[in-house]
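Peer 1: So the sequence lines, in the order shown, correspond to chains A, B and C.
Be aware that the first sequence starts at 1, since it is given in our numbering, and climbs by one per residue.
Be aware that the second sequence starts at 1001, since it is given in our numbering, and climbs by one per residue.
Be aware that the third sequence starts at 2001, since it is given in our numbering, and climbs by one per residue.
If you're looking for bench data, these hints aren't it; they were derived computationally from the structure.
Backbone N, C-alpha and C define an ideal beta-carbon position, used for all residues, glycine too.
Any given hint might turn out to be false.
List time: in silico EDC-like cross-link candidates among lysine to aspartate or glutamate, alpha-carbon distance up to 20 Å [said to hold, decoys possible]:
1) A:K213 x A:E237
2) C:K2173 x B:D1031
3) A:K8 x C:D2188
4) B:K1240 x A:D203
5) A:K175 x C:D2061
6) A:K236 x B:D1031
7) C:K2123 x C:E2032
8) C:K2065 x A:E173
9) C:K2122 x A:E173
10) C:K2173 x B:D1030
11) A:K19 x B:D1259
12) B:K1199 x B:D1558
13) A:K42 x B:E1645
14) A:K175 x C:E2125
Between beta-carbon pairs, the in silico distance windows are [said to hold, decoys possible]:
15) B:Q1072 x C:V2143: 43 to 53 Å
16) B:Q1072 x A:R108: 27 to 37 Å
17) B:Q1072 x A:S86: 36 to 46 Å
So, partial list: chain B residues that the calculated Cβ filter (under 10 Å) puts toward chain C [stated by the list, open to error]:
18) L1045
19) A1504
20) A1505
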Amino acid sequence: MEQTEQSKSRYGMVVDLDKCTGCGDCVVACAIENNVAPAEQKATERTGITWLRVYPVTNGEAFPAHDAVFVPMMCQQCGHHTPCVSVCPQNAVEVDPTTGIVGQIPQRCLGCRYCMTACPFHARYFNWWDPEWPAGTEAQLNPDVAPRMRGVAEKCNFCHGRLHAARTRAAAEGKSNIASPAYTPACAESCPAQAIVFGDLADESSDVARLSKAHDTFRFLSKLGTEPKVYYHSAKEWVRKMADQSPAV
Amino acid sequence: MNITRRELLTLAGGSVLGTLFTPIPWKLLDDSAIWTQNWSRIPALRHGPVSYRLSACPLCPGGCALNVRCVQGRPVSLGAVPEHPVSNGVICATAYAGHHLATHPLRLHQPYAFNGKTGESTLLPMNEADIASRLGGQVRKIAQSPSDGVIAILDQRPGRAISAFYQEFLAGFPGSHYVVAPGADDPTLSALSALCDFKDLVPSYDFENARTILSFGAPLLDGWGTPGRMYAALHNRAQKGRTLIQAEGVHSRTALQADTWLPLMAGTEAAFALAVGHVIIQEGRYPALVARHVRNFPEYAELTRAFAPERVAQVCGLSAEQIIATARAIASGPSIVISGGNPAGGPFDTGTETAIAALNVLSGNVGCSGGVLLRAAVPAPVHAPKPAVSLATIPDHSIKVLILDAAASGNTYPLALLTRKLVRQDAVVVQFSAFLSSQSGAADFILPVPAPFESLEEVQSPAGADRAFFALSSPFMSASDKAVDPVAFLSRVATAAGLAIPQAASTEVLLKQRSEAIFASHRGVVTGPAGTRMQMKDTVSADDVWKALTDGGYWIDDSTRQPASIPSALPAAISAGQQAALSGTPSLPEGTFRLMPFGWRGATMTAAVAPVMSKLFQESNLRALGGRLHINPATAAACGLADGESARITTAAGTLTMPVVVDASVMPGLLHAAVGPVPNKTATATRPESEGILALCSLQDDGSWRFTEASMGKA
Amino acid sequence: MRFKGPMLFLAGILLALCIGWFAFPMALYKSEPQPLQFNHAIHTGEQNSMTCEMCHEFAADGTFKGIPSIAKCAECHSAPIGTTQNEKTLVEQYVTPQKEIPWKVYSRQPDNAYFPHAVHVKKAEIKCEECHGPHGSSDHLPVYQVNRISGYSRDIWGHNISGIPSHPWEGMKMDRCVRCHAERHRDDSCLDCHK
């Protein structure tokens, strides 16, 4: 069989915080797309599962100098010394060399939650309960994403189910490897403000590559050197400053 | 043969060793590992052919188009329709989870009698025919002696085909009321309709051409109108030369995005609006035609004379310069002044709404591009015989039978608004609803209608939309046999009562008649599901229109020719309350606060939201969870409260304990109380949720409940 | 008796081997009848000479439809062809009421496996037989044996309980995928095949 040349892409995102209104479309669209179960009755902000979570962040000033932005925070897809990969004792996490997507295999996961501790972005979540939907809703799950089981960690994988579908489609049409992402993750697709741009950072001509180099674009906790592939943009200085502050414990 | 214990152990030892060389341990390990990935506690996926179909969202009046992804005919996800002329490729979070509503834990699957009012709160299964005959008896008595109490129907979304049916039904009863639910109409446009004579046309906002938009707390970027339209109109405003000024006492999501946020003291909206009017008149920034043709102009000028920006600035928390700048911005070009209402806080009081609406008249923006335009209504087969009234105008204790419509309005209101209208004894409240909602608490009988997306529902342009629009939410799930069609049920009641009241077979028949009326109007364009556009005047038959609509197409009206002149007036007088607000005295006594309920459209307590909405409310703090009180750190400190602690709120209507969220986006002195859903997948439909903070709101004579004086202490 | 101890030990080993290699597979798997008999050979044979893809089609979005739906059968079998009982059942119980045949699928994979037929069949041009074996020429369906613990067909593990395939196409476990991928240098990422 002929060996097809594999492209080395780096899938990434640029999120414009100045555009985000905090509507929550992306959060719900993500949960529906990726078969994330509704909260267990006792679940809280700490124990719930939100692959994509929008954090309201304020400037800490008193009314009326108060200002706020909404920060959509998903797995930042670290490209260098990826913390969750380094700590996983099970090899359940890895960086895909062709896409740069940090993948998590729930079936391999042991549930030790080292990765959750290691993740500087709190982008990993643990299944404290069985994934449970109200009776009848199971029939409406997305067949392209497998539900996870109790006792494993999970996180955003840039809607890998959609990448699979795009690959299937491309192969059926007789195309070779899809070089640039021929799909849009659910969050980017659902954003009414078009604040999320997704694409291949390695493709210099792509919007996402151009925007990632734009003025006032930054990454969270870039001082850690993990090279996240999710970029943010804000014209507000306090937002950019906040990005490199370690979260208060 | 004699086998010793030692020999038995030797045999066993051999077996153990032997077993290691068989597949037993290894295969069992492998199979049980697979079993743990496959057990019944992880739902199995159902694969099948993927198909897409179009529909429209019935979950609020926004009228958004939906693209439904189905696997083997079952809906798997809902998405927006790109480049749709109404919703512009946008739907809201509530809609994304809309297909989960049919299996909501609070779903009602059969008719019930409910005796919650007696305090026992039990749902008693009933059958539809029994309820129809009992109601028939009541209705017959009402028809005979209306003096003992009348019949009323509360319509959540006026203007639909079923609305006309309600009106026709009620026309058969003397003294009956066709009531529009509070918040169903845009409050600014309602106030404008009282000032201007729009005849048969419907006022609407021309955001697309406005230069300045002054919003009094309208959640324009947080669910108001059709979200896709608002995003399109308000995005990249700088390029379009458009300015959004948001005046409210909370740094809301819209205020965060606005060009200018005016932290206006809650309750001083009217004074601020009149001060803006004052500046426009004093600086002569109104069009000459307004002074000449608008009634009450001199009286309004006289009225606003007292509202000098310097004086108003002292009470409303802004500077005189901010008021003057706002007035100049409005007067400088096409502008819209809007209050918008709040999904749970409702409109302001009538005086405030009138003062706000009047600015549109004063700046000459009524009937002008970029201001308030007029559009034709969606064609209807019958002319509705019974005019709508608001709840406030109905005398207290006069309704004997109240029927609550099932449509999702996206809004909520205090139940006391309804219950105080009921006769003191033997009143009957019938609720049509797919879910057990907080409204069910007032009901005697609850009839289960099909859930969203289980039946054909009418979707129209929301209040304030620029064009008449009509679509059908075509079902992609099947309704249960026990689901009740309100039209068929009311017809059965009429039969049981032996009254000659118009009867109709079903909602679908009414919708088909409406589709025929649209066809007969020869107006507008029908777009089919595949994007094919048919001019209505070229369309061959009414069946083509019906087919296009039921397949997920839509109808959009031609643009309406604006009348040459619109007879308009300005308010000549103002309520005593605003005068008091202006006098400069602190409007609230020491130690009291202003309680202001707020909600998120489509996710208030009257509506069920899908359990997965817990991602916004419970598993993150992106949205305010219902029953939380947001207060400024200064307010919290004054009452000795810390974040997460419980506060006891007392108003004239009662006392309630609720947890506090310390939030610097709320103005000091304001109690911003979230009225929202509690998404809970394990809930069971046994008793309705309480209406929470809404029970504490004091109801004004005009039916508004926006602000309530309250005291607060640590619980 | 001399060597009684070692003999007994050996007997224990032998007993365990017998149970493990012969009784255990019989206990582990349960035979379940298919709803109908199906003769691939008649369809693919000289008389009809159909190819695999004529029934096992791809959908428009590139996904593989697997076992054809009853509508596909109905294209030819709207009325019974021949007089066999099977044919009668097919038409009366499934084709006429448009009811899908509840086939038990020998190659059913877990939900977390993503196997795009299009990539393997169209792009890599792998023959159906390489994975599924020559059942296209079989004249009856093999007995469907379900693993009582995992719930999957015996064909996933392979008929040989040792896991060593007796035919190259036997077994559909992950190691089989991995081996083939490694040979073709396609062993990139877990998420390539897992969802």
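Peer 1: With reference to the structure, classify each hint as holding or not holding.
Peer 2: Hints, verified against the model:
Proximity of A:K213 to A:E237 is assessed by CA-CA distance (about 17 Å); at most 20 Å being required, the pair is judged to hold. Proposed proximity of C:K2173 and B:D1031 is supported: the alpha carbons are some 12 Å apart, at most 20 Å. Restraint check for A:K8 and C:D2188: satisfied, since their Cα atoms lie roughly 11 Å apart, inside the 20 Å limit. Using a Cα cut-off of 20 Å, the hinted pair B:K1240 and A:D203 is violated, with the two alpha carbons roughly 32 Å apart.
Taking the CA atoms of A:K175 and C:D2061, the gap is about 13 Å. The hint holds against a cut of 20 Å. Only pairs whose Cα atoms come within 20 Å are accepted, and A:K236 paired with B:D1031 is rejected, the gap being roughly 56 Å. Distance restraint check for C:K2123 and C:E2032: the Cα-Cα separation of roughly 35 Å exceeds the 20 Å cut-off, and the hinted pair is therefore not satisfied. For the proposed pair C:K2065 and A:E173, the alpha carbon gap of about 16 Å is at most 20 Å, so the pair holds.
Between the alpha carbons of C:K2122 and A:E173 the distance comes to roughly 9 Å, so the proposed pair stays at or under 20 Å and holds. Of the supplied pair hints, the one linking C:K2173 and B:D1030 holds, its CA atoms being roughly 11 Å apart against a limit of 20 Å. The straight-line distance between the Cα atoms of A:K19 and B:D1259 is roughly 13 Å, inside the 20 Å bound, and the hint therefore holds. The hinted pair formed by B:K1199 and B:D1558 meets the criterion: a straight-line CA distance of about 19 Å does not exceed 20 Å.
With a C-alpha separation of about 19 Å, the suggested pair A:K42 and B:E1645 falls inside the 20 Å cut-off, and the hint holds. Restraint check for A:K175 and C:E2125: satisfied, since their Cα atoms lie roughly 13 Å apart, inside the 20 Å limit. For B:Q1072 paired with C:V2143, a C-beta distance near 28 Å fails the hint of 43 to 53 Å. In this structure the supplied range 27 to 37 Å holds for B:Q1072 paired with A:R108, their Cβ-Cβ distance being about 30 Å.
For the pair B:Q1072 and A:S86, the supplied restraint of 36 to 46 Å holds, since their beta-carbon distance comes to about 42 Å. Because the smallest distance between the Cβ of B:L1045 and any Cβ of chain C comes to about 5 Å, under 10 Å, the interface hint for this residue holds. Interface restraint check: B:A1504 against chain C, minimum CB-CB distance 34 Å, threshold 10 Å, status violated. Violation of the interface hint for B:A1505 is found here, the shortest Cβ-Cβ separation to chain C being roughly 30 Å, above the 10 Å cut-off.
Violated hints, listed in ascending order, are 4, 6, 7, 15, 19 and 20; each of the other numbered hints is respected by the structure.
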